[in-house]
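The residues making up each chain are set out below.
There are 2 protein chains.
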Amino acid sequence: MSQRTPAPTRTRDPKATRDAILQSATREIHTNGFRSAGLDSILAEAGVTKGALYHHFGSKHELGLAVLEESVRRTVLERFLGPLAKSVNPIDTLIAIIDRLRTEVTPEMLVAGCPLNNLAQEMSSVDEEFRSHLAAIFGEWRRGIAKSLRRGQENGTVRADVDADGTATYIVATFEGTAGLAKTTRDLEVIEDCSRGLVGFFESLRPTPAAD
Amino acid sequence: MSQRTPAPTRTRDPKATRDAILQSATREIHTNGFRSAGLDSILAEAGVTKGALYHHFGSKHELGLAVLEESVRRTVLERFLGPLAKSVNPIDTLIAIIDRLRTEVTPEMLVAGCPLNNLAQEMSSVDEEFRSHLAAIFGEWRRGIAKSLRRGQENGTVRADVDADGTATYIVATFEGTAGLAKTTRDLEVIEDCSRGLVGFFESLRPTPAAD
DNA sequence: TGGCTCATACCGACCAGTATGCATGTTTCC
DNA sequence: GGAAACATGCATACTGGTCGGTATGAGCCA
Chain A
8 MSQRTPAPTR TRDPKATRDA ILQSATREIH TNGFRSAGLD SILAEAGVTK
58 GALYHHFGSK HELGLAVLEE SVRRTVLERF LGPLAKSVNP IDTLIAIIDR
108 LRTEVTPEML VAGCPLNNLA QEMSSVDEEF RSHLAAIFGE WRRGIAKSLR
158 RGQENGTVRA DVDADGTATY IVATFEGTAG LAKTTRDLEV IEDCSRGLVG
208 FFESLRPTPA AD
Chain B
8 MSQRTPAPTR TRDPKATRDA ILQSATREIH TNGFRSAGLD SILAEAGVTK
58 GALYHHFGSK HELGLAVLEE SVRRTVLERF LGPLAKSVNP IDTLIAIIDR
108 LRTEVTPEML VAGCPLNNLA QEMSSVDEEF RSHLAAIFGE WRRGIAKSLR
158 RGQENGTVRA DVDADGTATY IVATFEGTAG LAKTTRDLEV IEDCSRGLVG
208 FFESLRPTPA AD
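The listed protein sequences derive, respectively, from chains A and B.
For the first sequence, the numbering used here gives the first residue as 8, with consecutive numbering after it.
For the second sequence, the numbering used here gives the first residue as 8, with consecutive numbering after it.
If you're looking for bench data, these hints aren't it; they were derived computationally from the structure.
Quick caveat: nothing in here was measured; it's all calculated off a predicted structure.
Keep in mind that a hint or two might mislead.
[To be verified] Now the stretches of chain B that chain A is said to cover, found in silico as 3 or more residues with beta-carbon under 8 Å:
(1) 123-129
(2) 141-148
(3) 177-185
[Stated by the list, open to error] The calculated label-pair distances, taken between Cβ atoms and stated as ranges, are:
(4) B:Leu195 to A:Asp99: 31 to 39 Å
(5) B:Gly207 to A:Asp20: 49 to 57 Å
(6) B:Gly207 to A:Asp106: 20 to 28 Å
(7) B:Ser211 to A:Met116: 25 to 33 Å
(8) B:Glu69 to A:Ala92: 49 to 57 Å
Beta carbons are placed, not taken as given, at the ideal position from N, Cα and C, and that holds for glycine.
I would like the entire structure built from these sequences, with the hints used as guidance.
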């Protein structure tokens with residue numbers, strides 16, 4: 008035994024330390040935003056000190072980018088593009104995603120908002136490096152949806168005349184707008200109203216059964 | 008002469024001073040957000056000093072709320088609800104508003120984003136007083152659109168079976184989502200795509216000419 | 001022994017807020 | 001109507017606290 012990873016030595020586990028910092032930073036940034044996120048809060052929750060943080064990350068800025076790339080990006084894209092990647096009918100899948108989010112949303116999620124949208128609104132006009140990373144993630148998201156819609160057009164589950172790229176952009180915008188409005192109003196009915204609107208829009212993308 | 012407002016004495020004009028502070032604070036908050044807005048920047052642009060600021064406003068927090076109530080709220084509601092208030096066909100008016108915004112958007116506006124949305128995303132989960140004011144403004148906005156839609160239903164320009172309140176919420180959410188996504192991507196095509204999507208949605212609210 | 005991992009203590013900058021004083025208007029009273 | 005007494009409007013200088021970042025050194029592993 009012990010030829011590889013000689014049992015998590017508990018002490019002296021740099022990977023675990025880094026992950027702990029990244030995780031608590033993700034939480035802190037999600038609730039307070041990047042600029043208001045205090046390093047002391049992050050370190051207290053992670054159970055380490057400044058020495059550990061600045062050993063693994065060069066600066067708060069770098070930590071924020073790591074949270075964005077390694078945590079937020081994974082979460083958003085997995086949750087959204089995962090189901091779409093292996094679906095034959097993108098419209099059914101999109102409706103299922105909306106429905107799942109609509110029913111599973113907790114009060115805490117309502118208050119905290121979408122982590123990607125939060126960072127985007129806070130940092131885009133202030134920090135160019137953040138903005139470019141955020142724009143890239145939105146780009147992946149939009150391209151993933153567009154790709155799925157095009158596949159639907161090929162197999163006949165999506166109307167052939169819809170602009171896949173434009174529609175994908177519209178979906179992402181409406182989705183984030185809903186999250187943002189719900190965050191401010193703290194009203195679950197906002198989620199309901201917007202979900203209905205989105206589902207109606209999705210239905211309008213199906214091919215008309217008349218024209219076969 | 009000089010029986011009333013004895014000629015703007017240039018010196019000693021508290022109303023003008025307050026307005027100057029409010030205006031530069033509006034700009035600074037719009038570009039940097041509330042928490043990153045520096046009082047020194049605001050004062051430099053307004054051409055006054057801290058003494059003047061703290062004479063007119065009790066704190067930075069109070070200044071921020073004044074900007075929200077007296078500046079942001081007026082701007083947003085006037086621009087959006089003004090045209091709707093005196094229109095007989097709300098759908099035509101909504102399309103006109105979208106079209107006007109789409110064509111008049113400047114690169115600076117694209118970068119800065121919607122001032123209401125910016126404050127909402129930044130402050131909602133951090134400051135309850137800000138959040139309640141922001142939610143109230145969104146409420147006015149939504150109610151204004153809903154009222155206009157109901158009037159359209161009465162005069163036959165809007166389908167009778169649409170849920171006015173839910174539709175108004177969906178419109179506001181999509182609108183702010185578009186502004187937010189455009190702010191991050193800095194891509195005018197995002198505005199185009201989402202405008203097309205919204206106009207298509209508006210068209211779907213018209214009564215079908217068949218069923219008279 | 002030398003390089004990695006991290007704790008402790010400290011620094012300096014930034015920034016909201018305050019204390020103070022002066023100058024300009026406004027009221028009061030002779 | 002004029003001057004004293006007061007209130008308003010605002011500038012200057014300073015303070016206190018927060019917080020990101022650093023310097024240093026100690027334990028751990030190969």
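Which of the numbered hints above does this structure break? The structure conflicts with no hint, since it agrees with every one listed earlier.
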